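Number of protein chains: 4
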Amino acid sequence: MKKLNVGMIGGGFMGKAHALAYAGMPMFFWPAPAIPQRHTVVDVTEELAKDAAERLGFENYSSDWRKVVEDPEIDIIDIVTPNDSHAEIAIAAAKAGKHIISEKPLARTAAEAKTMLDAVKEAGVKHMVAFNYRRTPAVALAKKYIEEGRIGKILNFRGTYLQDWSADPNSPLSWRFQKERAGSGALGDIGTHVIDYARYLVGDISEVMAIAKTWIGERPIQSGGVDKLGTVKAEADVPKGKVDVDDEFSTLIKFDNGAVGSIEATRNAWGRNNFLTFEIHGEKGSLYFNYERRDELQVCFSDDPSDSRGFRTVYTGPAHPYGEGLWPIPALGIGYGETKIIETYDFLKSIVEDTSVSPDFEDGYQIAVISDAILESAEKGIWINLTENLVKA
Amino acid sequence: MKKLNVGMIGGGFMGKAHALAYAGMPMFFWPAPAIPQRHTVVDVTEELAKDAAERLGFENYSSDWRKVVEDPEIDIIDIVTPNDSHAEIAIAAAKAGKHIISEKPLARTAAEAKTMLDAVKEAGVKHMVAFNYRRTPAVALAKKYIEEGRIGKILNFRGTYLQDWSADPNSPLSWRFQKERAGSGALGDIGTHVIDYARYLVGDISEVMAIAKTWIGERPIQSGGVDKLGTVKAEADVPKGKVDVDDEFSTLIKFDNGAVGSIEATRNAWGRNNFLTFEIHGEKGSLYFNYERRDELQVCFSDDPSDSRGFRTVYTGPAHPYGEGLWPIPALGIGYGETKIIETYDFLKSIVEDTSVSPDFEDGYQIAVISDAILESAEKGIWINLTENLVKA
Amino acid sequence: MKKLNVGMIGGGFMGKAHALAYAGMPMFFWPAPAIPQRHTVVDVTEELAKDAAERLGFENYSSDWRKVVEDPEIDIIDIVTPNDSHAEIAIAAAKAGKHIISEKPLARTAAEAKTMLDAVKEAGVKHMVAFNYRRTPAVALAKKYIEEGRIGKILNFRGTYLQDWSADPNSPLSWRFQKERAGSGALGDIGTHVIDYARYLVGDISEVMAIAKTWIGERPIQSGGVDKLGTVKAEADVPKGKVDVDDEFSTLIKFDNGAVGSIEATRNAWGRNNFLTFEIHGEKGSLYFNYERRDELQVCFSDDPSDSRGFRTVYTGPAHPYGEGLWPIPALGIGYGETKIIETYDFLKSIVEDTSVSPDFEDGYQIAVISDAILESAEKGIWINLTENLVKA
Amino acid sequence: MKKLNVGMIGGGFMGKAHALAYAGMPMFFWPAPAIPQRHTVVDVTEELAKDAAERLGFENYSSDWRKVVEDPEIDIIDIVTPNDSHAEIAIAAAKAGKHIISEKPLARTAAEAKTMLDAVKEAGVKHMVAFNYRRTPAVALAKKYIEEGRIGKILNFRGTYLQDWSADPNSPLSWRFQKERAGSGALGDIGTHVIDYARYLVGDISEVMAIAKTWIGERPIQSGGVDKLGTVKAEADVPKGKVDVDDEFSTLIKFDNGAVGSIEATRNAWGRNNFLTFEIHGEKGSLYFNYERRDELQVCFSDDPSDSRGFRTVYTGPAHPYGEGLWPIPALGIGYGETKIIETYDFLKSIVEDTSVSPDFEDGYQIAVISDAILESAEKGIWINLTENLVKA
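Chains as they are written, first to last, in UniProt numbering: chain V, 1 to 393; chain L, 1 to 393; chain E, 1 to 393; chain Z, 1 to 393.
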């Protein structure tokens with residue numbers, strides 16, 4: 001069986017998720033398209049990299065990502081670093097002829113994303129951007145219903161992504177609050193997942209109109225580099241630094257196909273943890289999904305008899321997308337890991353079968369264009385038309 | 001005990017709800033501020049009016065609302081007719097010195113609402129507009145938490161009102177789909193309840209930005225006048241008439257106090273029945289309410305310990321607003337009737353105690369201004385500033 | 001239209017619910033089978049009775065129930081008193097030829113219930129016992145599905161009734177904790193509603209096996225007679241009295257038709273308010289109902305396709321039992337009052353049409369037999385066979 | 001870092017789950033107590049074993065479990081075979097001095113389980129039985145609340161485990177329906193998980209009273225050995241074989257500490273997938289958990305103010321048990337894999353630190369005693385006292 005060597009750049013929380021997927025994917029999807037080998041992991045120091053290799057089961061480690069990118073043994077470069085390094089690594093990896101999977105958002109701006117897209121196209125390598133949440137089986141089931149026409153023409157999409165880990169003003173100033181490193185705040189970090197849902201399930205977005213707010217203007221400067229997502233509170237006397245990204249945004253959107261909708265995201269919504277939801281109304285039915293209860297999809301079909309019509313709570317399992325490979329009964333438990341395992345499966349399949357995979361850098365770029373437009377709309381208070389901004393592949 | 005004679009104009013579904021409230025209010029709130037007497041009911045023909053009187057327990061009936069409005073025995077005029085007659089009746093009632101409660105929306109346009117507001121102010125009578133949903137005890141509890149500062153400064157309000165009774169293109173062209181009679185569609189019919197929530201719970205709205213859509217452009221012309229809300233489907237060969245109001249709208253909103261948010265409403269969302277919801281994020285907590293499960297309010301307090309923080313599902317009962325008068329334990333069951341009973345209680349109290357009551361015609365007028373602005377924004381694609389449009393009392 | 005004069009014995013919380021139903025029933029179900037007239041209300045003193053009459057809209061009042069029972073103008077005697085007086089009043093009313101509706105449980109023991117059943121049978125009057133919760137439209141819908149065979153042969157019924165108003169040891173010793181007055185505790189007070197569901201939805205119970213527990217052995221003696229259901233806490237130095245009824249019981253049950261199940265009830269379950277639930281598994285589907293969210297019935301049909309099978313959340317409205325008479329769309333709001341309005345409608349219809357109505361005193365008696373058996377089983381630790389105990393009509 | 005070599009006997013669905021845990025555990029809990037090495041996997045043929053090794057990432061494979069058990073390189077024997085082989089393998093492994101983790105139920109009967117318990121005690125090896133569901137973080141949080149006294153003395157425990165994969169009479173006759181291989185039906189397969197919850201959260205069970213039913217007496221004989229849990233339906237003409245185990249059981253239980261409760265389980269409940277739930281009432285609060293929504297624990301504290309008391313929905317994350325090692329925010333997603341990762345962590349820690357771990361073979365044995373008693377009670381219709389049957393460690 002074919003093996004593909006992975007060089008993973010980054011050993012934090014997201015590296016853990018990807019490492020688990022490399023180890024677990026063939027256990028779930030067998031025969032696997034290829035066996036991913038955890039070849040080399042990179043972290044910022046030799047010591048951290050060595051620790052990551054032991055922890056995550058990589059054979060080698062390095063603190064020099066450039067060397068790894070150029071290592072002829074490596075087939076795939078996996079980018080799980082903060083946003084400001086995605087472009088540089090991806091472009092170098094493309095030039096070295098590596099297939100690339102990058103964490104989201106693809107880049108800090110559409111312009112930056114475009115350089116990455118151009119690079120992978122020129123190199124002719126496979127590329128994917130890790131909007132893993134669309135690989136939740138319940139979301140893939142929603143896609144299936146839509147494609148089968150079971151809810152009819154879509155009228156409305158409403159998506160939210162609400163968390164609360166940054167609601168406390170004492171949660172530290174991680175890179176996620178700094179424009180220079182992150183590009184944007186809630187928008188790039190979590191809002192892009194909702195934009196990905198909107199494009200995946202409904203289609204291209206043609207116009208956006210937005211509000212963006214920064215609720216907490218400064219936060220305690222954190223000492224170490226580790227990204228604790230709000231769990232470590234600052235001491236009282238820690239100096240503070242400026243937050244220059246959005247804590248929250250809210251949009252109206254219009255789709256090319258005539259549907260309308262809204263998207264909002266914030267990390268300051270007390271009581272919401274990973275409240276990534278969508279509600280879709282079609283001419284023949286409706287869908288509702290909440291990732292916090294991710295084993296479930298709710299669907300209502302208009303052609304059910306009036307005495308027994310209502311949202312059905314469908315728990316995904318073997319009868320649903322990806323179900324054959326996952327667990328033998330519904331609700332045994334889809335976790336974060338499974339979304340990454342499916343993502344890895346689809347990416348490796350695209351490499352072995354020489355097909356494209358979605359979402360790829362083209363999608364990542366278009367999402368970046370939409371993200372830029374959201375910030376521009378929020379600043380100017382006007383609708384931004386995307387059709388003219390987007391460069392279709 | 002004081003008695004107040006009611007003349008009710010209209011004997012349809014809403015008349016039923018009000019009649020139940022007149023009969024039931026003293027049973028719940030005792031001693032009642034006054035006993036409402038079902039004196040006279042008006043319907044479009046003598047026959048219908050007679051039937052309404054028997055059915056709803058009124059002592060007299062009439063097909064001439066003008067006579068009733070001028071009847072010296074009548075203390076209160078209750079307007080439960082379609083939107084296009086609210087103004088004429090209310091103005092006449094005000095001139096006759098009657099206290100007035102009108103169904104919502106107050107009028108078809110802000111200009112029309114203004115004439116009503118001016119009339120009641122000049123007459124010095126008590127006035128109320130029947131946004132009954134804010135009298136759900138769980139909503140009053142949300143208000144109490146906010147006023148006590150328990151969720152801190154409000155950052156965001158998201159409100160929806162989703163129904164599905166008009167999702168079927170064969171549901172008939174009732175007056176609710178005709179601009180001439182209704183003023184607007186989902187906006188006036190149900191969206192105004194959400195606007196009322198936003199103003200009640202958060203404060204004055206300063207700017208709106210909206211999309212409005214008419215999904216079903218024509219509907220079968222209905223034979224009778226009764227408003228069946230989608231349950232009666234048309235035959236295949238019934239001629240169709242034009243729908244000239246919104247089936248759906250979606251807005252971004254900004255509040256005077258800096259909070260932002262969104263409001264959307266539609267009667268075309270399969271599977272949603274009376275999905276009147278709000279989610280509010282504050283600096284110290286969050287609230288969530290869904291009228292479909294109206295005995296419950298969900299609240300999250302940020303100062304709960306981190307190992308046991310989460311939304312609390314509070315069932316309203318004797319320990320909550322209006323609870324002493326209602327049922328002896330939570331979840332015995334708040335229905336539509338109870339919201340009307342509380343509304344009647346508060347209105348009669350305002351008459352007897354000579355105080356103002358909210359929402360009054362001033363509120364109804366301001367909501368009409370916001371509604372007009374939503375339609376204007378949807379048409380022009382620009383933010384509409386309300387501060388300058390609103391005439392504060 | 002025919003009028004029926006009601007003499008209501010008792011003016012407490014339950015009297016309020018019944019008075020509302022008398023006033024409201026014709027508003028909902030029209031043409032009504034008859035118009036119930038609130039003729040006379042009885043309370044323990046003249047003063048209380050006068051107050052009840054004003055509050056509840058009765059024309060007359062009395063402190064002497066015997067006189068009212070014998071008043072030739074009265075057609076219906078409505079018993080809304082504590083359990084220890086049901087039998088005496090009902091037997092007198094039957095002898096006087098009155099139709100009777102009695103609050104539940106019918107009596108304190110099966111023997112006592114039998115005397116009532118014998119009396120109404122001998123008198124040939126109409127009789128009903130007010131297990132109103134089965135008249136929740138969602139429960140009637142469950143019955144409809146079962147009768148239509150849509151969930152197949154029933155295998156299992158699990159019912160609960162959980163409240164928390166007596167969980168606090170300082171909630172006072174109302175009559176509901178005294179065997180002499182109440183007969184039993186959680187069993188008679190709330191458990192009988194679940195037994196009624198079991199018999200209504202599944203069929204006759206043949207055997208029971210039970211545990212019963214008294215968790216709080218004594219409670220503060222309350223000063224007044226009003227039944228505050230836990231909301232009034234005792235002062236520290238109030239003398240205590242003995243609780244001699246069950247705080248909780250839990251049973252296994254077997255039905256005549258081969259189904260099995262369990263029933264449990266307690267008023268000591270913190271966080272549960274009116275958690276009256278059932279879950280039913282059949283060969284072709286399942287049902288779930290929770291009265292706390294009473295507008296909804298959940299139903300799963302086995303013959304749905306495997307990719308879209310799951311519990312449907314059906315909100316009851318015009319397309320469901322009693323829906324034509326109630327509110328025009330689902331989830332507008334079924335409250336406690338509506339269950340009583342439907343009950344009143346069915347009772348008056350049975351009088352006017354001279355038909356039987358269910359649940360009647362026969363049902364009330366059989367539930368009393370089951371209740372006695374539950375206590376006997378709990379005491380002896382053995383299965384109690386009911387078939388031999390029950391005297392079928 | 002210490003490494004421990006695992007010999008895993010069985011390569012089916014459960015083998016997959018364990019293999020994922022061996023690969024993933026150090027990624028989550030670091031420094032890990034030891035690194036588990038996937039040394040050898042055993043399946044029934046060389047071909048299947050080879051396939052399992054490739055799929056699950058084992059270095060070696062074998063079709064002879066006895067050889068593997070005696071391989072001096074192996075430290076841990078992991079038993080993931082059907083129930084009828086647990087005892088033979090475990091006893092051999094104990095004799096060979098291996099630490100042992102066995103899938104549940106430990107054995108087909110208490111007598112068989114006792115031979116296993118005796119063997120591991122005599123050998124002095126570490127032993128664990130894989131009731132993984134108690135390692136769901138939300139369940140561990142329930143345990144923490146109870147130990148901290150936050151819900152007070154426990155009064156009642158109600159547990160259910162409902163699935164629907166065997167509700168269809170055409171789902172094949174896997175070994176799970178054969179007493180000879182499985183020992184019992186729903187009881188051993190899933191009911192034991194609830195018994196484990198009851199003992200873990202409340203304490204020792206002293207008496208049981210049960211009903212057991214076999215709803216579907218025969219099923220199509222399946223052709224291959226793979227356990228498809230109902231997803232493969234039989235052709236019409238497949239010969240049928242006898243089911244001689246319970247499809248469903250329901251019990252009343254009494255605990256040593258005075259609490260009471262009930263347990264029920266079935267794989268024939270349409271619409272329930274992995275509905276493993278408990279509700280616990282204590283003197284000071286309540287808990288509710290449903291594994292289908294396993295990121296959440298619901299808890300109600302009686303000492304919350306009456307205006308804001310209700311079940312809190314707590315999503316587990318870094319602030320909760322095992323949270324430091326898992327995902328950085330709540331609701332990112334706990335799946336089945338995470339429960340196995342935690343299980344592996346605790347087992348390896350017990351080996352390295354030479355401590356006991358729970359649930360061990362002693363627990364597995366006691367659960368088998370309770371299971372035997374449930375079947376005996378169901379057969380005889382009497383309460384079975386366990387105190388005398390149980391041999392405490």
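Hints listed in this document are in silico derivations from the structure and should not be mistaken for laboratory results. Since the structure is predicted, the reported quantities are computational estimates derived from the model, not experimental observations. The reader is advised that the hints may include incorrect statements.
Just so you know, same-sequence chains aren't split out, so a pair can sit in one copy or run between any two.
[Stated by the list, open to error] Distance condition first, Cα-Cα at most 20 angstroms in a straight line; then the derived PhoX-like pairs of lysine-lysine:
1) LYS213 to LYS153
2) LYS242 to LYS67
3) LYS3 to LYS50
4) LYS2 to LYS50
5) LYS179 to LYS242
6) LYS50 to LYS242
7) LYS380 to LYS254
8) LYS254 to LYS114
9) LYS213 to LYS284
Quiz prompt | Structure versus earlier hints, numbers of those that do not hold, lowest first | solution = 2, 6 and 8
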